[in-house]
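Protein chains in written order, with numbering that gives the first Met the number 0: chain B, 0 to 472; chain Z, 0 to 485; chain H, 0 to 97.
Calculated directly from the structure, the hints in this document are not laboratory data.
Be a bit skeptical, because a hint or two may be false.
Chain Z side only, calculated, beta carbon under 7 Å to chain H, not exhaustive [as the list claims (entries may be wrong)]:
no., residue
1, L45
2, R344
3, T360
30 Å max Cα-Cα, derived DSS-like pairs, lysine-lysine [stated by the list, open to error]:
no., chain 1, residue 1, chain 2, residue 2
4, B, K407, B, K453
5, H, K69, B, K128
6, H, K87, B, K128
7, B, K168, B, K221
8, B, K78, H, K69
9, B, K78, H, K9
10, B, K78, H, K40
11, Z, K377, B, K78
12, Z, K365, H, K9
13, Z, K365, Z, K259
14, B, K398, B, K338
Rough simulated footprint, nothing fancy, chain H against chain B, three-plus residues with beta-carbon under 8 Å [claimed, not checked]:
no., segment
15, 28-36
16, 92-100
17, 125-138
18, 161-167
19, 277-291
Note that the coordinates shown come from a computational prediction; the quantities given were computed from them, not determined experimentally.
The beta carbon of each residue, even a glycine, is placed where N, CA and C say it ideally should be.
Listed below are the residues making up each chain.
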Amino acid sequence: MEYEVVIGLEVHVELKTESKAFCSCPTTFGSEPNTNVCPGCLGLPGTLPAINQKMVEYGLKTALALNCTINPYCLFERKHYFYPDLPKGYQISQQTLPLAVNGYLSVYIEGREKKIGINRVHMEEDAGKLLHVGEYTLVDCNRAGVPLLEIVSEPHINSSQEARAYMEKLRTILLYLGVSDCKMEEGSLRCDVNISLRPKGSEASGTRIEIKNLNSFRSLQKALEYEIERQRAILERGGAIEERATMAWDEEREITYPMRTKEESLDYRYFPDPDLLPLVIDPQWIEEIKRELPELPDARCQRFQEQYGLPPYDAGVLTSSKELADYYEGVVSLYPEPKTVSNWIMSEFLRLLNAYNLEPHEAPVSPQKMADLLHLLKKEIISTKIAKQVIEEMFATGKGPEDIVREKGWVQISDVEALEAIVEEVLAAHPKVVEDYRKGKEKALAFLVGQVMKATQGKANPNLVNRLLKEKL
Amino acid sequence: MEIYQLTAHELKALMERGEVRAVEVVQAFFKRIEQVEDKVKAFITLTPEQALEQARAVDETRREGRDPGCLAGIPIALKDNLCTEGLTTTCGSRILAHWQPPLEATAVSRLRKAGAVILGKLNLDEFAMGTTTQTSAFYPTRNPWDLGRVPGGSSGGPAAAVAAGETPLALGSDTGGSVRQPAAFCGIVGLRPTYGRVSRWGLVALASSMDQIGPLARDVTDCALVLEVIAGRDPLDPTSLPIDPEPYSKALVPQVQGIKVGIPREYLERAEPGVKEGVAQALKRLEELGARCEEISLPHLEPALVAYHIIAAAEASSNLARFDGLNFGLRVSGRDVEEMYCNTRGQGLGPEVKKRLILGTYFLSKGRYQDYYLKAVKIRTLILQDFRKAWERFDLLATPTTPTVALPFREETFPPLENYHSDIFTIPPSLAGLPALSLPCGWSQGLPVGLQLIGKPLQEPLLLQVAYTLEQAIEFRRARPILEVS
Amino acid sequence: MAMTLEELEKIAGYACIGLTPQEREEHLKEINQLLDYYTQKLEEKDLGGVEPTFYINHMPFRQNFLREDKAQRGMPREKALEGAPMVKEGQFTVPRVL
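For reference, chain B alone in the conformation it holds in the complex:
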């Protein structure tokens, strides 16, 4: 039987505010345990929460970027459970009236757009961090109270590939907005998945399994692939999927395994937090936030195609991160040949960024230096081959392209007399090849060009070499 895969994602995003959601403690990652704490986030008796304005603004930005409807007022509610990472015994969250509902984001799978619905976006506080050592569990409350956005998708995702695309797109949007640093390895972007399988064409929903602990795009995709196969196998031999099971992803063994859950189902006993009056979001505030929104990835991608005449693929790659798109536009403004710039960025520049593990804005090759390099190329002062060496040097040393070309003596040889002598030598050294060419073997020319380039250490102007060779032959 054929099965349809139904996936929904619950994403938790740590917001990049200076202070925590409901107290003034810093949100700095990686501090010594329990050094970013105060009576408030330690949940001491007598303390009260005070809402961080920036958390709400970041929430609104995100909700708008995800095409959501903002609720005119929203409630903070308390979610209760006892666990050592939760100092108050409840988490301030949102349930009945969240910040925003009913949005979507678009992913592109093999060039086709798919809109994935966003069910809700709500604000809540993070819990503390637990460390299990021997017979004890140690509790660090630095993270307790850090503002989170929970973004819940509709179950509109039908493959592991789509899930990954959704997650990557969401990350790009969040980075464009500058509301989170989205470091999955530090836990500032986390993802839980609900997945079920049902016979193709069936309306009934299958039994849902939740998978937690997915802290990279790769594990998201791998875990889903594994889980889809696992469930398919169970269903195919007529078995039943575990009811309300929660699985965890084992990164090393690349399998999902059931997490131990409480025997009794939890009852979170949500109710409106009596300490926090409903938050009123008036249209004026929404307008202000809208004005502050940056150009978002989809819009920018569209613009790159229209304004710079780039193919969709180029535009997609270049706008996949705000920094890269900014970099591209920086170079184009100084060297207005959009497709050439795109080619250079998408090949050499990205390859070197990866090799050095840098973000575009951290690269030692500034847009100005990149434009300078392309100008040298255009004026035929250097060849493409040399240019590739120059950019390597630029990454390695941080120097400008002119300096490197000068110091290394890499200026292109465009002197006809000088080149003529070399061409003569090459022709004399390879009579067999010359003969082949004259018999009509076109490829032989390339060999001869290569020999000239070799003799000049790549500095010969390739166009000139071609012309001279053809003349002599």
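Assemble chains Z and H onto chain B, guided by the hints.
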């Protein structure tokens, strides 16, 4: 007249005229405490050294000609659910018996800033859950007028300490009547301000949507004096109102001419005859002074009582979830975390608290939320509507504070329903967040009777003015219990 | 709607309150007395069409209470840990979970 018999504003005048020093005042009160505390048991913690040091500093400041603050040198004691930095704050519970908060209640720091001298921390029903101060994990407090009776609660310590002359002023907290009811039982004045008037930062929460800190004192003037200091917006309390405190003591003019006072029929009818009589006489006096009293119907007494208990229990079950033995307070160990939680809370909390937390958890649980909690908050809407309607015709409402005078002390716990009914008149204004005050207005069975005045939101000045006028006319305020000095 | 002993145990479990068998019996009796009374009183009132009141807000004008996003150093670690029943390696410590 002994120093301990004076009101705060009388002491203030004496000190300002240089007739008595702050140190002498503080010493006089500690002497009084020494004499009567054995009988009254109002305090949990006494801080004589710090108090004397503070008093000396006030005297020094005054000698240097600098302003020592508007409550300089005046002793005050605090209900022990108000956080005092570095000073044990127990909430009358075993679970917090040794807890020294790293934070201080805003109301307390404002008092300190005004120069008030803190004598110590006062007994209460455990976590303010009770109407007798008998649920305190330590010991019950006695009513100074009759040691065989309860002082009321949950601010029984504050009310008894003021009545016994152990302190001229005390700060309590009022959720459903916890300032007004004990004030009535102990024959003193107790004020519950408008919800949001006084910051709740540092008050260990019982029911956050109703808790308010309020003063207990011998007269209305003293209440106004304290309110002036503790009121006003606090960035640490999101429910504190963005309104500057007014000079409440300036509102104290003896004038009630033409003020329209509503008398809720259902309240009077429910009071025992002696209380009814005492209140009726006070109201008669009020009319003679020029106020226009008229009956009104406020029918939702019993539903309000039920709604209050459901809301308070639900909120408390949430607020007290933090008492889990993780990072502060008592821990009773267990084989695993779950057992540790259950042991800590099972053994650290008293029966009344446990019962209310179980009830509150129940009211918020699946299915019950609709059956109980949601209905309760709907009844709350009805109560608000009742009051809103009343304000169309009246400036103020007057009721008995309690249906009875102070109840006899009993060894066994009171049946819960009987207990809860002690707050039946004070609960409706609590649900509506209204300012209300209890004024001693007469006697029944040789015990004080309290008159409750309820004001419109933020109308503390009028409330205080009417209370002050009546206070001047009924000559209760000099009455003091006779406690045999040991 | 009386509470059963089973229900009491479940709810006490949610609230993490350990009860002795004797306490269970006593609490159940008192709780059911109260629930009887509450249910009876709640049923007397027709609450159809009545909106709930979760908050009391006497602010003269509608205003959000928001805090500017400024970080302030919290308390020193020693102070944060001072009142804790058990501390190891600068952290609050409980019996191992899971």
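> Which numbered hints turn out to be false for this structure?
Replying inline: Hints 1, 13, 16 and 18 contradicted; others consistent.
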